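Protein sequences, first through last, are from chains A and B.
Residue 250 in my numbering sits at position 241 of the first sequence; the count goes up by one each step and never skips.
Residue 365 in my numbering sits at position 356 of the second sequence; the count goes up by one each step and never skips.
What the hints contain is simulated information worked out from the structure, not anything from laboratory work.
Since the structure is predicted, the reported quantities are computational estimates derived from the model, not experimental observations.
Where hints are given, some of them may not hold.
One copy or any two copies: either way a pair holds, since identical chains are not told apart in the list.
[To be verified] DSSO-like, lysine-lysine: derived pairs with alpha carbons at most 27 Å apart:
(1) 644 / 223
(2) 90 / 53
(3) 606 / 644
(4) 606 / 636
Protein chains: 2
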Amino acid sequence: MSTVDKQLDELQATIVDELPNDISVSDVTYEGPELVIYTRDPKKFARNGDLIRNLAGQLRKRITVRPVPDALTDPATAREKVLNVIPEKADVSDLDFHADTGEVVIEAAKPGMVIGRHGSTLREITQEVGWTPEVVRTPPIESSTVSNVRSFLKQEREERRDILERVGRQIHREEMADDEWVRISTLGCCREVGRASFILSTPETRILIDCGDKPGSDDAPYLQVPEANPLNSLDAVVLTHAHLDHSALIPLLFKYGYDGPIYTTEPTRDLMGLLQLDYLDVAAKEGRSPPYDSAMVREAVKHAIPIEYGDVTDIAPDVKLTLHNAGHILGSSVAHFHIGDGFYNVAFSGDIHYDDTRLFNGAVNDFPRVETLVMESTYGGRNDYQTDQADSEEKLIEVINETADRGGKVLIPAFAVGRSQEIMLVLEEAMRSGKIPEMPVHLDGMIWEATAIHTTYPEYLRDDLRDRIFHDDENPFLAPQFNHIDEGDDEREEVAAGDPAIILSTSGMVTGGPIMSWLDHLGADTDTTMVFVGYQAQGTLGRRIQNGWDEIPRNGRGRSNTLNLEFDVETVDGFSGHADRQGLENFVKTMNPRPEKVLCVHGDESSVQDLSSALYHNYNMRTFAPKNLETFRFK
Amino acid sequence: MSTVDKQLDELQATIVDELPNDISVSDVTYEGPELVIYTRDPKKFARNGDLIRNLAGQLRKRITVRPVPDALTDPATAREKVLNVIPEKADVSDLDFHADTGEVVIEAAKPGMVIGRHGSTLREITQEVGWTPEVVRTPPIESSTVSNVRSFLKQEREERRDILERVGRQIHREEMADDEWVRISTLGCCREVGRASFILSTPETRILIDCGDKPGSDDAPYLQVPEANPLNSLDAVVLTHAHLDHSALIPLLFKYGYDGPIYTTEPTRDLMGLLQLDYLDVAAKEGRSPPYDSAMVREAVKHAIPIEYGDVTDIAPDVKLTLHNAGHILGSSVAHFHIGDGFYNVAFSGDIHYDDTRLFNGAVNDFPRVETLVMESTYGGRNDYQTDQADSEEKLIEVINETADRGGKVLIPAFAVGRSQEIMLVLEEAMRSGKIPEMPVHLDGMIWEATAIHTTYPEYLRDDLRDRIFHDDENPFLAPQFNHIDEGDDEREEVAAGDPAIILSTSGMVTGGPIMSWLDHLGADTDTTMVFVGYQAQGTLGRRIQNGWDEIPRNGRGRSNTLNLEFDVETVDGFSGHADRQGLENFVKTMNPRPEKVLCVHGDESSVQDLSSALYHNYNMRTFAPKNLETFRFK
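If we strip away everything but chain A, and leave its shape as in the complex, we get:
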């Protein structure tokens, strides 16, 4: 008998002891980090709301209760009863019964009303029909990504359960090592921006954190180093957020033989899928052969185990993971690892924004314990201070008003995920409060889809924004000004010929995508203003235009065909998803507890050196500016 089976037998005995006599336990298994209790008496379980909570506290495990099949009301009858229990205002769009696990997945526009106060409605459902309800939100804006992911996961349910069971046994295996230490290996993003990737290891466990590409380069993380190999021996992959410089090469891991879990937030899982498929698409369009195909993206999605901010999750015999809001993009996380039984704690900042933005609360920097922080340094340079967001907004409003006054359009190249939604919130408020006239805001490229994903997960947005969406039915993303450009170039031509309007279009650095068409339509229009709201990297067309180029070549339309740009060009910074130098320092300064050591990564050579030296001098901590391919040992 394996030690995991022995452990489960003992857990079952304890659970039987703890439960009232009239509640039976048929089986106890692991699924991923969760302990699943099978019972013939789901209704009795549901009657006592504290039972599960008390068991979870006592066993220090996350617990799910599942009915055995013959304790279930038949689906047809159950459907009716479930719909009777749920208030009509919850607006249920789908009910899906899974006899294998006794779960009913309820998709509703208002999940909160399906859950009820402290879960009371959920318990009522179980008491009525025996099934265990699982609630998901109907995206307020239809999202093909979300619906594809959901239907794919539904189709792969059985394999997914096998994966979860395997992972669960892996997590709860017996510890073998008689030694204790913690190491971090740098596989990328050291003294550079891009290809984020680290290995966190103990004698027992190896975890990969992030696996991104490097924009403007073919350099991949050093996945071939021994510390990461063989890849199929990794216990877990943790993804801090969906941006490609952190996620692009995650599917590659599956091609190379990895077959384990990816721990991340639910929105990051969906955004990752969206961005990775776009990554393949862009590569194909540019005639490059991408390192993996879409089947590997599906593998990644299938192996994702979503965890919520703040939930302490066992991911290995000696490692507990907790994700915290990082304030950078939807679902972005600071990843905190608790190693051993109080032995050591490491936090990886991922990309962070320290101050609140319109979209997100500022990054969390409060932990039970943390000895070492691995810290992003994108704007860590001594002069990397950004304009205050309020001033930036004022300037943007001014530019829009001037342009609208002369009957022109405002063309904003923007990244689909994060910056676009932030600007949308600024525009919606400015129109609502009358600071700019009401006019259409056209969203082109992936922006609409990315926005739809944002509205699916309002829990991950800033408190007051979430509350507006939850309670007041005032979802700003649903404002009537926002129009999805979904009819191609004809629609663009019509917009270009029409009244004043604002256009948000990808790509954010004018390196391809629909923004290229907008240049054709509006480039020669002297009434139009192009406004840069995000960082333009060296070598991009965006950077050139920003620097004053006004003659740009048009490919594929005859040899000497150039486009003369006659629109105004403005730059409004201050909308970055990254903390600036002050924000980075503040994150560390107010961090609780203050870490002993900081590794400054994810920044140009001078940025990491500047930040490392400043943190050392100002806060008297040991700081490092690692190179790629190094391994640090802690304790």
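Guided by the hints, dock chain B onto chain A, whose structure is given.
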């Protein structure tokens, strides 16, 4: 066709082009780092002494020429002719013909006379009989180790050739990596003394340097770290010297699947075999089960590829190794690695003695290039200054004279390898020059055998000592005073009852071995003096006696049986095989070129910190005091 075969074909074509038309080339192969040319015309080859040297220079390879079998004179006839060519004074003790390689191994008391001026006698032999001569020294003192190693290697000749061919192809494989970097991983001996072990790696190659045990502890090097695994993927093991804290666990590598070469000097190979077998012996006597058995020691010896000081040797497609005298013990080396084509250079000091001693020249610190030095720090502490050797010798002589004057014996616990031979040289000279009276010097334990190995390899001893042995027939180790205690306790009793004498006996820290018998025989003798000449570690009986204990328990002779020590106890330091703090600093200060970075290892926490900080402040270099389990990246 493999790339190695292609490369060999091209080499053969070039060689044919370069050679005079009347010299045929039948085949060209690799054996370990050497390029072997098979020819039907060995005699013609031998006629022109420059041919091989010119080819070697042009091809930048070490070259061996071998006759094909039908070009050979039959062994019976050849034996006579060979003995005719060699001057009688060379004193040939064995001739051994190997038809498979066309080699004749000549064992002679005076190898220099077999070689002749610039190899003239060797060439004459080949011209006469076609065979390629290989010369080894007849040990002036019979050494069972040397004779066992030689007969074992003779018996394993065929397998050894297979190994060498495999290693040769491995070394000359095509380089696959398109990246360049250098990493050093610390597997042991960081902030501690013992279990020396490092991995030097490039994208192409991984090399293990040393693999020792930790005296007084069961801690082995961290061989399980990914940087070292799988062990069978290592390209090479380099052994700096034979002491067990550098060599004890080398045989374990073969048990764990390693099957590649061990590069080291010839005396280190033999001493390593001697010490490893003793290590197994001691473990068995103490009732511990050692981690490997003697078959693995034989594997290690079989896989050893001896290289000489100063010979630049290809050990991987991108790595050249050169060993240099380290001055510490017989065959001890500073290992210099040249990586890539001028890309980077790393030197590992191993254990060093900076100043000349009687036995050895001081450590070499002159290199074509070196950017990083990995440096021992045993005596790196701020107060680790040793007594000058001349003063130490004077004090030893004084103690001996006083003891002899009162008719007593001088009992010196000593390490078999290194310290004993140094003391022997001091005693021999003191007697020869009349500073102490002539009296017997009894050598007990492994000292005699270790001395025999020293006399087998006079090339590795200090210049003037080597010259005395070579030219003047004044081998001090053959002085008649030296007596091998080889008849056990009766002989000891006789010595103890006899006239004044000096006794050198293992173990060096009085932790077992024949020194225990000597305590019985002489402990109660008030005329005797026990003299400590080496470091006595905490917890050893030697340290206790040194500190004044005069009642020691005698095991197995009744419960309350104790031995009262009534002899005098003296300590004479200054005979260490390690550089002291001044020597370590001098090694770095006079190093040519001065390295950019120094990793201070192989010392207690405070010693490495002190040395690291001193080198940083005094010589303005980047210094580190690594922990075990770290990986540094250079370039």
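Results for each hint:
no.: 1; hint: 644 / 223; verdict: between (32 Å within a copy, 20 Å between copies)
no.: 2; hint: 90 / 53; verdict: within (17 Å within a copy, 103 Å between copies)
no.: 3; hint: 606 / 644; verdict: both (12 Å within a copy, 24 Å between copies)
no.: 4; hint: 606 / 636; verdict: both (16 Å within a copy, 15 Å between copies)
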